[in-house]
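Asks: Read off the chains here:
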Amino acid sequence: MSYHDPDPVIRTTDLVKDFGDQRALDHISLSVPPGVILGVIGPSGCGKTTLVRTLTGITARTSGDVSVFGRDPVTLSSRQRSRFGYMPQLPVLFPNLTVWGNLTFMSSLYGLPVRRRRRRLVELLDLVDLADHRSKQLADCSGGMQRRLSLAATLVHDPELLYLDEPTAGVDPILRERFWDHFRSLRDQGRTIVVPTQYVGEAVSCDVVAVMAEGRLITVQPSDQLSRVAFGGDPIALDFENGWVPNGVKQRLREQPFVRSVRSTETGLAVVVADDQRDVDTLRRYLEAEGTTFASIEPAQPTFDEIFVRIIENDAASRQPVEPTGVAA
Amino acid sequence: MRPSVLRRPLQIATFLRKEAVEVLRQPRLLLTMVIGPFLIMAAFGLGYRDTPERMRTLFVAPEGSPLLDQVESYADEIKSYVEFAGATTDPAFARRQLLDGEVDLLVSFPDDPLETVLQGDRATVTVVHTRLDPIEQTAINFASQLGIAQINGQILAAVVAGGQELATPAEGVFAAADVAVDALDDAMVSQDEEATAAALDDLEQATGQVSLAVRASTALLAELGPSDGTTDDASDTVTQAVDELRTSIDEIRTAQSSGEASEQVTRIRELLGTISTNYDELTAVDSAVLVQPFASDVELAVDSVEGVTDWYAPAAVILMLQQFGVAFGALSFVRERQLGIVDVYRVAPVHATETLLGKYLAYLVIGGAIGAALMALVVNLLGVPIASGITDIGVVIALTLFASIGLGFVISLASASDAQAVQYTMIVLLASLFFSGFFLALDQLEGPSRYIRYLLPVSYAMQMLRDVMLRGAEIDRQLWMGLAAFGVGAFGLALIGARRRMSLARE
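One line per chain: the protein sequences are A and B, in this order.
Just so it is clear: in the first sequence, position 20 is 640 by our numbering, and no numbers are missing.
Just so it is clear: in the second sequence, position 115 is 1101 by our numbering, and no numbers are missing.
Please note that a few of the clues may not be correct.
Stated by the list, open to error - Only part of the chain B face toward chain A is listed, based on derived beta-carbon distances under 8 angstroms:
id : residue
1  : 996
2  : 1011
3  : 1014
4  : 1323
5  : 1326
6  : 1336
7  : 1339
As the list claims (entries may be wrong) - Derived CB-CB ranges, DEER-like:
id : chain 1 : residue 1 : chain 2 : residue 2 : range
8  : A       : 935       : B       : 1018      : 38 to 44 angstroms
9  : A       : 751       : B       : 1400      : 38 to 44 angstroms
10 : A       : 789       : B       : 1470      : 38 to 44 angstroms
11 : B       : 995       : A       : 790       : 53 to 59 angstroms
What the hints assert, rightly or not - According to the in silico footprint, chain B covers these stretches of chain A (three or more CB under 8 angstroms from chain B):
id : segment
12 : 668-677
13 : 693-700
14 : 717-730
The hints are simulated quantities; they were obtained by calculation from the structure and are not laboratory data.
Computed from a prediction, not measured in an experiment: that's the story for all the values here.
Glycine is no exception: its CB is placed at the ideal position from the N, C-alpha and C atoms.
Please work from the sequences and hints to get the whole structure.
Replies: Here's what the structure looks like:
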């Protein structure tokens, strides 16, 4: 499964990574165009971090191809490596240095000119809300502060491509929103950002979302299409008084050509159609025509948690061995 | 943002700064590294005794042994090593005393030394102790050998003194010779050929006895004299006089006139007088001196070195600097790997060379400052001399740090965890104490163990610093080249290791 673009920043083809007998990445094919935020979501241990580390070149692939800026990341020159930034999953700065000292270290690591770096560092400290803590030793900073500093350190050389492994973990919701604003701003400047995250809700902030499970890439979709993929169309919430669904309605709806699937919910039924805007009226007219009384009918807004769970369940179901005497759902 | 054209120097400088700040943020650690060794050396210098411990010694001899009465005087002879704790004839009691810690040594004389000696064997004196420390054991062995030599000398001196007393009647020999000369003179005046011949025979016999006595004494003097065989004046005079005496007697036998014979008689009287006078000088030597003619008086050619602190202080400074370099180097990469920062290095445009150089420089600067502070303390407060220039000392310290930091980096890159790195560092320290010459002289090692020293920077540096500081010698060329080669080798290995650690696609 891939997100196609003619001139991608990142491209992987049948990427496989094994750690001994354990397959961490299972034939990942992915293409990331410039100027997008790619969210990588999936349960813990699904291979998100391994994917990012393989894209940086830190982790060697077992087979398949990887190219970043058109080259194998392992063979990128120093200058080309300066084009991307990597924020590891855990804070990795120096506890005995101050906030400012850590940022200075990172800016020197990327060879930033001494004269111009000060302004840049001040901007970054403002962004991560650490301007008042610049003299504080990192060991005295909270986990969230260390995370924020780690993000600032990754941005210090203003890279074109950012790998941010769970950048908002341990960050409060207000600051998290600020981070995403900044990521979107960077995206608008043409930067490409790859963000593995466990916060499924953050997928809404991404342009493209890659869903992973057990080392496999289940799907890569624009975030606004993810729901359609998860449910096989657009879900419409059809609620009844007290959640009671009249007899036969569910079965009759399944037989309608504009209905893709029907399932029960706590308040009634979720009816999946091809296009919720168009088909919600069709559905309403059908119910009124057959005299079915309902409390409300409107396009559903499933949360990304629900979408994610649905995608994972669909994937698991599709991988179940088919029983010879199986019964259709 | 476009990187600076001075990116590499910037990167070296940032590693230097980072390492320096990390160390300097631990002022107590730094203080400990300077004050600690200084206090240890000061305490050691104040507490160390440079005289051997006198061991409480109990002598054991069989019942009725004449040695029982003499042991106290024997003990007095070796009182530098031994404190006389009594004599007993009960070996079991003596052993109990030893095991109870009441005495330190048992000296047991054999049951019948006379019989053993008469059989042509040496009688063995057994020394028993409870000391487990090999150095103490060596000292006891050495002291017991000295003690036995003293006792043997005492016995021999008694024998020689007896011999001298017996030899003293040499005066009788001289008297007999004088009588024979008088008789010769009378016989020659009376022209009695038979009496002359008899007097000459008597004189020849007396001359033989004198010659025998003289040869015995001059043989000893010849051993003590110069290696070219010359002896002292008295010995030469006596030997020549005896030879001349024989010649004069022969000339009287072949003299053609009474005048010639009379001259020889006069000459013989003079010679006998000379021999008698100088012979007294030869036999007047104390018997104790005769049997043990040499005593030792050890002097150090280097005037400035006075105490044990002077000897150990340079070594301690060097050992401290080595451990500073090894420990900080060893923890450096391991700590960063555990922090995870190495992943950032891998993807950043930084090379192992810049990383390593920055760290080297940081530790060199800090280690150099620690070394300078330590040297200032030991020189100014402990009075350890500096016999050479400061530059030489600086060179030794710099080389030591260079090699030690490299060794530390090699350890760091070979270690999987900080605990492992610390263990390796401790092993280096332990090896340094045993194999570098810190406590044990390197000559005491043999076989492959001798070569372990070459794996330790402290071995080279300790000798260099002692030579430079205490002897005022120039830095030994082989040693500094060896240490520099060690440092370059360690740098090379560290660079290879750092490149591997910082390379991509290693997982």
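Asks: Determine for every hint whether it applies to the structure shown.
Replies: Results of checking the hints against the structure:
no., hint, verdict
1, 996, "holds, 5 angstroms"
2, 1011, "holds, 5 angstroms"
3, 1014, "violated, 13 angstroms"
4, 1323, "violated, 10 angstroms"
5, 1326, "holds, 4 angstroms"
6, 1336, "holds, 5 angstroms"
7, 1339, "violated, 12 angstroms"
8, 935(A) x 1018(B): 38 to 44 angstroms, "violated, 59 angstroms"
9, 751(A) x 1400(B): 38 to 44 angstroms, "holds, 42 angstroms"
10, 789(A) x 1470(B): 38 to 44 angstroms, "violated, 49 angstroms"
11, 995(B) x 790(A): 53 to 59 angstroms, "violated, 36 angstroms"
12, 668-677, "holds (count 3)"
13, 693-700, "holds (count 4)"
14, 717-730, "holds (count 8)"
Going down the numbered hints, you'll see the structure goes against 3, 4, 7, 8, 10 and 11, while the others check out.
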